[in-house]
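Chains as they are written, first to last, in this note's numbering: chain L, 1489 to 1614; chain G, 60 to 236.
Don't read these hints as lab results, they were simulated from the structure. Hints may contain errors.
Said to hold, decoys possible - Quick look at which bits of chain G chain L covers, simulated, 3 or more residues with Cβ under 8 angstroms:
hint	stretch
1	98-107
2	162-171
3	196-208
Since the structure is predicted, the reported quantities are computational estimates derived from the model, not experimental observations. We treat Cβ as the ideally placed atom computed from N, Cα and C, and that holds for glycine.
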Amino acid sequence: MIDPHDADADVDARLRRYAPLAPPARLRAHVLAPTTRLSSSRRTWWIAAAAALVAVTFHVLASATYAEVRADISRADDIARSQRIERLAADLGSSAAARAAAVRIVTFEEQMTDRPGAMPENGDRR
Amino acid sequence: MSRDRGPEGPWDLAAIYDRVAASLYRHALMILADPAAAEDVVHDVFAALAGRRPPDVTSIDAYLRQAVRHHCFTRLRRRRWRPPAGTDEPALLEAAEAATVCHDERIAIEQVLRSLPPEQREVVHLKTFEGLTFQEIADVTETSINTIASRYRYAIEKLRAAFGREDRQPAVTKEPR
């Protein structure tokens, strides 16, 4: 029967024929010149900074596009409003008083449209 | 206890590196079982030392060893990673001086070491390769001596079983030196 202590000694002796690898020579140069390689914490910092920069850039671009679209919609609304007033003023007689009445009507309709349910469309009153 | 800096001056990083880096690297290597990760850990620990005013410690060597251990186990926790066993993995061991060794035996030992939990691998390293006593290992790892002895026992049993299997196989390839 094998004595466990002898077996342990054999295992230990076998292990001692080896040694963990030594550090690579380049590591000393990297450690003593830290700027040659970024530490993991600094790598993490740069990744976070880059992600934040991308997010800010995307936000700025998206905001600019949104503002342009809003401006386009606003311009289109103004043109449609003017055309509507002109048509209504023509129907009412094309006088200055007719034009003023047309402006009031369109303004009133816009105010009613801004309050959902306040004025049924197409005169559909039930 | 000697200090590695003057009253106002920075650490003499080169002197510290030359004194302890090899031991720290091997310690990290045996915990992580990954040479590249061990290199990263040692680099980061020294970079932290170079980049800021060091803590007021009486033994910079002990401080660095604790820092390396902390980095290693933090890295293991974050990745939930265990080194896979296999012959394609990077080597962990090399022949000790004047030792006649064989390639197959080294591969077998490395496979068993990789299969061990990092804590057991660490104890084997500190006991066998660094020559520390169980009490010294307990002090380094801040663990009870009974736990250290148990970890060593489990690791040795696995290694013994692996050696038994290997002894029953005839093929032996001489290690290229």
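- Message: To test your reading of the hints: which numbers does this structure violate?
- Response: Hint check: 3 fails alone, others pass.
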